[in-house]
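4 protein chains.
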Amino acid sequence: MIRVCVMGAAGYLGGELLRLLLGHPGTEVAQAVSTRFPGRRVDSVHPNLRAQTDLLFSAPDDLAGCDVLMTATPHRATMALLPEARRHARTVIDLSGDFRLPDPAVYERYYGVSHTAPELLGAFVPGIPEYFRAELAGADLISVPGCMATAAVLALRPLAGLIGPDVQIDARTGSSGSGALAGDANLHAERSGAMRVFAPVRHRHEAEVSRLTGLNARMTATGVEAVRGVQVVCHATGATGAAGAAGTVGEKALRRAYRDRYRAEPFVRIVVHRAGAHRLPDPKLLSGSNYCDVGFAADGDRITAIAALDNLVKGGAGAAVQCLNIRTGQPETLGLGFPGLHPI
Amino acid sequence: MIRVCVMGAAGYLGGELLRLLLGHPGTEVAQAVSTRFPGRRVDSVHPNLRAQTDLLFSAPDDLAGCDVLMTATPHRATMALLPEARRHARTVIDLSGDFRLPDPAVYERYYGVSHTAPELLGAFVPGIPEYFRAELAGADLISVPGCMATAAVLALRPLAGLIGPDVQIDARTGSSGSGALAGDANLHAERSGAMRVFAPVRHRHEAEVSRLTGLNARMTATGVEAVRGVQVVCHATGATGAAGAAGTVGEKALRRAYRDRYRAEPFVRIVVHRAGAHRLPDPKLLSGSNYCDVGFAADGDRITAIAALDNLVKGGAGAAVQCLNIRTGQPETLGLGFPGLHPI
Amino acid sequence: MIRVCVMGAAGYLGGELLRLLLGHPGTEVAQAVSTRFPGRRVDSVHPNLRAQTDLLFSAPDDLAGCDVLMTATPHRATMALLPEARRHARTVIDLSGDFRLPDPAVYERYYGVSHTAPELLGAFVPGIPEYFRAELAGADLISVPGCMATAAVLALRPLAGLIGPDVQIDARTGSSGSGALAGDANLHAERSGAMRVFAPVRHRHEAEVSRLTGLNARMTATGVEAVRGVQVVCHATGATGAAGAAGTVGEKALRRAYRDRYRAEPFVRIVVHRAGAHRLPDPKLLSGSNYCDVGFAADGDRITAIAALDNLVKGGAGAAVQCLNIRTGQPETLGLGFPGLHPI
Amino acid sequence: MIRVCVMGAAGYLGGELLRLLLGHPGTEVAQAVSTRFPGRRVDSVHPNLRAQTDLLFSAPDDLAGCDVLMTATPHRATMALLPEARRHARTVIDLSGDFRLPDPAVYERYYGVSHTAPELLGAFVPGIPEYFRAELAGADLISVPGCMATAAVLALRPLAGLIGPDVQIDARTGSSGSGALAGDANLHAERSGAMRVFAPVRHRHEAEVSRLTGLNARMTATGVEAVRGVQVVCHATGATGAAGAAGTVGEKALRRAYRDRYRAEPFVRIVVHRAGAHRLPDPKLLSGSNYCDVGFAADGDRITAIAALDNLVKGGAGAAVQCLNIRTGQPETLGLGFPGLHPI
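First to last, the protein sequences are chains U, L, Y and G.
All residue numbers for the first sequence refer to full-length UniProt numbering, where the first residue is 1 and numbers rise by one.
All residue numbers for the second sequence refer to full-length UniProt numbering, where the first residue is 1 and numbers rise by one.
All residue numbers for the third sequence refer to full-length UniProt numbering, where the first residue is 1 and numbers rise by one.
All residue numbers for the fourth sequence refer to full-length UniProt numbering, where the first residue is 1 and numbers rise by one.
These aren't lab readings, by the way, just hints derived from the structure by calculation.
Be careful, since some hints might not be right.
Note that identical chains are pooled: a pair holds if it fits in a single copy or bridges any two copies.
In silico lysine to any residue, SDA-like type, Cα no more than 25 Å apart, as pairs [stated by the list, open to error]: (1) Lys252 x Gly26; (2) Lys252 x Arg133; (3) Lys252 x Gly161; (4) Lys252 x Gly214; (5) Lys252 x Cys66; (6) Lys252 x Glu84; (7) Lys252 x Tyr110; (8) Lys252 x Ala117; (9) Lys252 x Thr333; (10) Lys252 x Arg40; (11) Lys252 x Arg41; (12) Lys252 x Pro60; (13) Lys252 x Gly112; (14) Lys252 x Asp61; (15) Lys252 x Asp54; (16) Lys252 x Ser44; (17) Lys252 x Ala85; (18) Lys252 x Leu181.
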């Protein structure tokens with residue numbers, strides 16, 4: 001039984017970690033740490049865990065030893081607490097943004113502050129099993145990428161060699177991505193039915209995508225009506241041919257590239273149908289599931305790659321558990337079997 | 001040109017007052033008072049007013065004279081400020097809960113605090129033109145009822161004599177009723193898709209309904225997914241006959257009662273069709289409009305009366321403007337012509 | 001391994017049955033029968049089952065033998081096909097409305113047609129394990145009640161003796177209850193954000209509630225914005241005391257009644273908190289889960305009982321699987337462990 | 001009084017035309033033609049028009065003379081009926097897709113059928129007053145562009161000379177764009193909360209944008225959760241400089257370009273703020289209004305231009321009425337004063 005401690009356990013990602021770990025046959029929640037609610041019942045904050053656990057939140061100072069420490073704490077706060085907190089566990093899986101970008105200058109450009117633990121930055125393995133499985137098996141520091149970054153990386157990496165270096169990513173996200181303390185601008189009356197372009201250019205996750213794909217990624221992000229769910233629509237052009245012009249890439253070649261890459265992956269599905277309401281990836285179907293669905297289309301030299309996932313699962317807590325499974329030698333899909341609902 | 005000052009102008013009701021008054025050919029917004037945003041542009045808070053006005057919010061201390069003062073300030077705060085503020089205007093139209101209940105003991109029972117201006121309580125005329133038109137024409141103190149109370153009163157009063165005294169009201173409301181400062185429990189992720197019974201018994205508005213109908217009203221209130229809109233479903237039984245048993249009331253008699261009462265009312269529509277998606281009142285159709293739709297059904301001795309309105313319009317700002325029109329001798333429907341949208 | 005055949009497998013309840021049965025360690029889906037899509041892949045209709053199954057739909061004529069037959073076929077059609085179809089299985093679990101009411105006259109009153117298999121009506125055991133567990137263990141004909149009926153029965157039966165006979169039930173439901181062929185009135189543009197009172201009086205499920213509780217139940221039903229989810233708010237009065245007046249029932253007595261009844265139930269939770277966004281049952285939290293949450297409040301002689309569930313799970317497919325577990329001697333909770341999501 | 005006949009009056013665009021024309025002081029609805037509902041009350045189909053009109057639908061064969069004929073009939077059907085129908089009116093304003101593309105070959109490429117009235121194609125003036133006001137003043141054949149095309153044209157045309165020729169447009173739309181007969185795939189349960197990429201490449205409106213801007217436009221379209229509303233996010237690069245590289249365009253230059261172009265436009269607002277929930281164009285605020293809000297951002301050589309509108313108003317019926325006002329010499333904003341709601 002792997003003993004796991006969750007820091008930031010009262011947030012949305014923290015709650016999702018608890019849901020997955022409590023339902024996981026090989027893990028035990030040793031502590032659920034919260035700065036806001038120490039001593040309160042976990043299910044008073046995460047009502048879906050009623051009758052699942054009698055656990056109380058612990059105070060940060062009471063953090064004790066465990067096998068795996070998962071940090072779902074805020075950006076900027078995490079880099080301050082992690083150097084000390086990591087002593088309590090052999091393996092740390094961080095879900096914040098603080099250890100995703102190995103270059104402190106890039107971090108500062110996108111997060112607006114200097115990194116206070118730059119010496120650790122290079123030591124984290126990205127929590128994308130599809131591309132870092134071998135490294136994750138032995139990693140003691142794991143950083144789960146941003147939800148939109150994971151989606152874009154899974155959509156774009158199979159296209160290496162087929163597309164040119166410039167990619168425009170149009171990301172859409174539900175409101176849970178803003179967290180449980182999102183403020184007045186995220187009141188239901190303000191956020192309901194919105195199409196809110198909160199990052200018209202330079203969304204942070206583009207830096208992760210560029211790093212993890214080798215592409216020159218630009219990302220626009222829009223909040224749309226949904227609680228869970230991220231979708232990325234990535235626009236690329238065919239790789240430049242001998243003649244210097246962008247090449248045409250047929251849909252067959254695209255399909256082959258995705259199939260070759262993801263045939264054996266348990267949590268990536270290729271979703272491209274000719275017709276129907278569900279012909280391309282839609283996060284609506286993925287709430288609670290650990291799937292990332294990927295799809296594509298082509299029009300001459302233009303290629304559109306699409307991915308969808310649940311930002312709190314494959315885009316966060318589910319990826320973390322998948323990494324834990326790999327790191328601790330358990331079956332990779334353990335505790336992650338929920339397929340999602342339809343209709344929903 | 002009637003000069004109107006709005007206090008609490010940065011809230012949702014305040015914004016709706018400004019929208020209606022700015023589009024009204026007979027009124028002029030003299031001041032939009034806000035404690036939070038004095039000096040800021042009104043359209044920075046109410047973005048639908050972009051290109052409608054260059055007005056800035058005023059500080060409460062800068063309140064100057066006007067013809068009509070509209071107070072859309074919070075419950076409990078309003079009774080503290082109104083005795084002084086009313087000196088600046090001939091007529092006050094209050095949209096808060098503080099002057100709706102003439103009996104200070106009832107106020108205390110439902111609001112949990114003693115009333116600090118009980119001497120004024122009896123002086124307010126209820127802002128329901130359908131039942132207080134004559135009094136409103138000369139009133140200097142007007143109190144707009146709660147949104148659910150207005151709906152229930154319009155649904156129930158035509159049934160006087162037909163139904164028994166006990167009425168159970170099931171009220172449903174959108175999220176805008178919680179206001180622009182509604183707090184974490186009203187974040188989109190928490191409130192979206194909810195069916196939140198926030199008052200299983202004893203919702204405040206039941207006291208207003210009891211007072212304004214003479215019935216013994218009980219009200220349950222549930223927040224459902226909508227931003228605007230209130231619907232009440234009122235359950236009653238037929239009036240007791242000579243034999244002592246509840247009487248049967250046919251749908252014909254109900255239709256006649258409503259028709260007789262509302263035939264000439266510009267803002268009450270009777271909506272009872274045999275079939276179709278829109279056969280009974282639904283607030284979805286009423287966003288932005290000043291209509292209250294009423295409908296009904298009967299089953300033996302049981303009667304169901306239904307009403308729907310936009311809580312910010314007929315349930316608040318629209319009713320206030322309708323009262324202003326009456327009080328100032330303008331056509332009652334002036335500035336209130338928007339019919340609502342379909343689909344929406 | 002219990003071999004299960006699902007008829008009506010292309011509908012929403014059918015899809016939910018498939019999801020639960022495919023994820024159930026003790027069952028095997030022998031056939032998924034559909035009149036509309038024979039030969040098509042099951043996951044082309046239920047996209048959440050992609051990568052879960054390669055099953056194709058079977059034609060009704062190809063129905064073969066199995067251990068348990070589940071019929072999620074339409075009302076009125078089911079009574080025509082079941083007498084023949086039941087020969088293929090030892091146990092039939094019907095999810096339609098056709099075998100819920102033992103009295104054919106009551107059936108005709110609520111469904112508008114004569115029952116064509118009245119001889120079978122009395123043989124069905126209601127699929128509510130909380131009240132029919134012993135009978136279900138040996139039943140070969142099981143009828144899962146209507147989703148709102150199950151919710152109301154679970155809310156009301158513990159109150160036997162505490163409340164008077166007349167109960168008014170206010171039911172709210174999401175759009176999935178209208179099924180996958182719901183027609184133009186259920187287009188997104190028409191149904192989104194609606195509060196549609198589709199049964200102002202005499203909703204069918206009231207007949208089931210009356211039968212299963214011994215109360216005189218009346219039910220109003222409203223479609224609200226949600227895909228999944230049913231909530232009932234039941235209004236009752238305290239049982240008449242010696243003096244002939246309705247008695248006061250304290251919340252302590254109510255809590256005790258619910259605790260006594262549901263202490264050992266795996267899928268009923270009592271949800272009554274003093275404060276917070278989740279203080280009373282809300283179906284928003286229950287999507288995909290088999291829980292029915294129940295709660296209550298009292299005000300003098302009035303009692304409000306509330307229940308919430310996912311209409312496709314505890315209100316349909318989950319209840320059916322729970323019954324199957326009981327009937328086949330498996331642990332009652334097998335395959336029904338998903339706790340629901342928050343936020344969602 | 002301008003006498004207007006609306007064909008296709010039972011659809012969503014038809015209903016919106018009726019709403020605007022009935023509330024317009026200078027127009028009169030002569031006929032509301034519907035193939036499906038001749039003889040039925042208009043408000044039985046458009047319930048927001050209750051108490052606004054007693055009009056009945058006319059059959060197509062009963063089309064009589066009028067000043068202006070507005071056709072809100074389906075694509076492909078319109079080109080068949082318009083050559084005859086136009087004889088009944090001096091001016092025709094078409095809202096279908098059939099007369100938007102002057103080149104029949106382009107029409108065939110995007111609509112999949114040959115055009116049957118190619119001789120008329122060149123005679124239509126595009127219904128975008130901001131760019132064709134002078135021509136519209138004398139036009140007898142007017143074609144209102146597609147909703148996403150109008151948004152994109154208004155976002156992109158001010159950038160002529162500042163950006164390179166290739167533009168990728170990411171369009172998002174509410175469900176009303178699919179019309180009142182949208183079919184099972186648009187049932188609420190299927191469409192609610194969806195992010196449905198229904199045109200991953202080659203959305204039809206891209207042909208209109210290319211034609212009306214001179215750019216090489218590509219358009220991806222996604223259905224998101226909303227009933228009304230279209231938003232386009234357009235990705236461009238700075239125009240190539242002397243050195244052959246894409247140039248950097250500062251936000252000041254962008255702001256100047258938009259200001260210069262739209263300073264005097266009554267229905268285009270520039271929405272670009274530093275912060276806040278409403279800093280960029282969002283269709284949520286525009287339901288029922290005739291505004292198109294435009295905004296922008298820049299990051300080095302990349303430019304993002306954003307526009308939002310209500311697809312049924314500025315993207316359809318409102319644009320048609322604005323064109324009618326221009327054509328008939330009335331004030332351009334007449335009947336189009338509704339500013340939109342907040343919150344909604």
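Exercise. Looking at the structure, which of the earlier hints fail to hold?
Worked result: When the structure is compared with the hints, numbers 1, 2, 5, 6, 8, 9, 12, 14, 17, 18 turn out to be violated.
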